[in-house]
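So you can see what is in the structure, the chains are spelled out below.
Protein chains: 2
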Amino acid sequence: MFASRPVVHPMEVAAPAPAPAAANQAQQQQQPQQQPPGVLMKDLPGMPGTPSGLALRVTQLLLAAISLAAMSSTSDFASVSAFIYLIAAAILQCVWSLSVAIVDIYALLVKRCLRNRRLVTLFFIGDMITCAGTFSGACAAAGITVLIDNDLNICSENHCSSFQTAVAMGFMCSFCIAPSFMLNFWSVASTRVLAA
Amino acid sequence: MFASRPVVHPMEVAAPAPAPAAANQAQQQQQPQQQPPGVLMKDLPGMPGTPSGLALRVTQLLLAAISLAAMSSTSDFASVSAFIYLIAAAILQCVWSLSVAIVDIYALLVKRCLRNRRLVTLFFIGDMITCAGTFSGACAAAGITVLIDNDLNICSENHCSSFQTAVAMGFMCSFCIAPSFMLNFWSVASTRVLAA
Chain A
0 MFASRPVVHP
10 MEVAAPAPAP
20 AAANQAQQQQ
30 QPQQQPPGVL
40 MKDLPGMPGT
50 PSGLALRVTQ
60 LLLAAISLAA
70 MSSTSDFASV
80 SAFIYLIAAA
90 ILQCVWSLSV
100 AIVDIYALLV
110 KRCLRNRRLV
120 TLFFIGDMIT
130 CAGTFSGACA
140 AAGITVLIDN
150 DLNICSENHC
160 SSFQTAVAMG
170 FMCSFCIAPS
180 FMLNFWSVAS
190 TRVLAA
Chain B
0 MFASRPVVHP
10 MEVAAPAPAP
20 AAANQAQQQQ
30 QPQQQPPGVL
40 MKDLPGMPGT
50 PSGLALRVTQ
60 LLLAAISLAA
70 MSSTSDFASV
80 SAFIYLIAAA
90 ILQCVWSLSV
100 AIVDIYALLV
110 KRCLRNRRLV
120 TLFFIGDMIT
130 CAGTFSGACA
140 AAGITVLIDN
150 DLNICSENHC
160 SSFQTAVAMG
170 FMCSFCIAPS
180 FMLNFWSVAS
190 TRVLAA
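Here the protein sequences line up with chains A and B, keeping their order.
If you're matching positions, the first sequence starts at 0 in numbering that gives the first Met the number 0 and goes up one per residue.
If you're matching positions, the second sequence starts at 0 in numbering that gives the first Met the number 0 and goes up one per residue.
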């Protein structure tokens, strides 16, 4: 089973139905281009293999990289476990987003469709893990940052602005993964229903 | 449009197809019982209106209540913003889980089916908000608890065991909402595809 396949143009199916005789003829002509079972016809914006999907991945990569850079630029991040966890989550996010972005670029260049059920399930699981990791890291670091800034008021002794930047970028990154995760889950659910 | 409707037994549809003439007759007889468009036939365990769905809600309610009780039993929770946020998220979770549990009990008692598209979308949005709230509250409180316990080693001056219990229950609660959220999203995606 191939992981990708040539793009099938969905607009032909959505066109108004021709007369019955012509329809039969057209159906026979289109036979070799038919969708394999369990594959969605619609290519929603943001799904893997689309330009907007690639844009989402690049945005995630940039935001995770900024979060990682802002946090690791501080000298005392190693003394707080939550900050180390955010750095680890941001590194994982960078690796994952870069990998999927490379697959997206390949798919766009050779015009292959990535709406394969196994591939979409893999993307969904990867997105779920990285989304949960980045979001939990950002939340934990936000808890510490608010404690330092608002509760204890010891910002003068710490790099509060760097911590805040890292946390904000971590949250924005996890909000950027959410659409990819949702669209992949939607795609998995739809293909399962259509295949049933 | 009614939010609930009488249960339609899906086994009749899954039965082997009778002869064509008998099938037409049976179809005419079954006309009043047909599914409205955009409603899933399958009732997966854990969905609203099923006994396992009710069990999930009751578990969420209990875990959120334990987390709330453990955190609010400490005398110094009000000095840390993350702990106050966890308490607020646990209260919201209790209210939401109790409300949906009451709807589930009603649906089970009067044997109504809750697989209506609007109702499932409402459950999905509510689950998403409460799941994100409880998970982020647990993460933020976990960051502070790990800071107190591992990084600063000042557990002797704080109620570490209560904080740890509250955080653990918060995490378990958010892991209990995840199946409800996923199943409702699956149901929304499936009904949209079937209705399209």
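None of these hints come from the bench; they were simulated from the model.
Any given hint could turn out to be false.
Under 10 Å between C-beta atoms, here's a sample of chain B residues computed to sit facing chain A [as the list claims (entries may be wrong)]: (1) 68; (2) 72; (3) 74; (4) 79; (5) 81; (6) 86; (7) 138; (8) 140; (9) 145; (10) 146; (11) 157; (12) 159; (13) 181; (14) 186; (15) 188.
Quick partial rundown of chain B residues pointing at chain A, CB under 7 Å, derived from the structure [what the hints assert, rightly or not]: (16) 49; (17) 50; (18) 77; (19) 80; (20) 128; (21) 135; (22) 150; (23) 189.
By construction, the Cβ of each residue, glycine as well, lies at the ideal position given by its N, Cα and C atoms.
Checked hints:
1. Restraint check, residue 68 of chain B versus chain A: the minimum CB separation of about 21 Å is more than 10 Å; hint violated.
2. Against a cut-off of 10 Å between C-beta atoms, the interface hint on residue 72 of chain B is violated, since the closest Cβ of chain A lies about 20 Å away.
3. At its closest, the beta carbon of residue 74 of chain B sits 16 Å from a beta carbon of chain A; the interface hint therefore is violated under the 10 Å criterion.
4. Taking 10 Å as the C-beta cut-off, the interface hint given for residue 79 of chain B holds, the closest approach to chain A being about 6 Å.
5. For residue 81 of chain B, the suggested interface contact is upheld, since its CB lies about 4 Å from the closest CB of chain A, less than 10 Å.
6. The interface hint given for residue 86 of chain B is violated, since its Cβ lies 13 Å from the closest Cβ of chain A, which is over the 10 Å cut-off.
7. Here the hint on residue 138 of chain B is kept, as its CB sits about 4 Å from the closest CB of chain A, short of 10 Å.
8. Because the closest C-beta pair between residue 140 of chain B and chain A is about 7 Å apart, less than 10 Å, the hint holds.
9. A cut of 10 Å between beta carbons decides the hint on residue 145 of chain B: the least distance to chain A is about 5 Å, and the hint holds.
10. At a threshold of 10 Å, the smallest CB-CB gap from residue 146 of chain B to chain A is about 6 Å, leaving the interface hint in force.
11. Among the interface hints, the one on residue 157 of chain B is violated; its C-beta lies about 13 Å from the nearest C-beta in chain A, farther than the 10 Å criterion.
12. Violation of the interface hint for residue 159 of chain B is found here, the shortest Cβ-Cβ separation to chain A being roughly 14 Å, above the 10 Å cut-off.
13. A least Cβ separation of about 8 Å between residue 181 of chain B and chain A falls short of the 10 Å threshold, and the interface hint therefore holds.
14. The restraint placing residue 186 of chain B at the interface with chain A holds, with a minimum CB-CB distance near 8 Å, inside the 10 Å limit.
15. Among the interface hints, the one on residue 188 of chain B holds; its C-beta lies about 4 Å from the nearest C-beta in chain A, closer than the 10 Å criterion.
16. Nearest Cβ of chain A to the Cβ of residue 49 of chain B: about 18 Å, over the 7 Å cut. The hint is violated.
17. The beta carbon of residue 50 of chain B comes no nearer than 23 Å to any beta carbon in chain A, farther than 7 Å, and the hint placing it at the interface is violated.
18. At its closest, the beta carbon of residue 77 of chain B sits 10 Å from a beta carbon of chain A; the interface hint therefore is violated under the 7 Å criterion.
19. About 5 Å separates the beta-carbon of residue 80 of chain B from the nearest beta-carbon of chain A, less than 7 Å, and the hint is met.
20. Annotation: interface hint on residue 128 of chain B violated; nearest CB of chain A at approximately 13 Å, more than 7 Å.
21. At a threshold of 7 Å, the smallest CB-CB gap from residue 135 of chain B to chain A is about 4 Å, leaving the interface hint in force.
22. A least Cβ separation of about 6 Å between residue 150 of chain B and chain A falls short of the 7 Å threshold, and the interface hint therefore holds.
23. Hint status for residue 189 of chain B relative to chain A: holds, with the closest Cβ pair at about 5 Å, below 7 Å.
In this structure, the earlier hints numbered 1, 2, 3, 6, 11, 12, 16, 17, 18 and 20 are contradicted, and the remaining ones agree with it.
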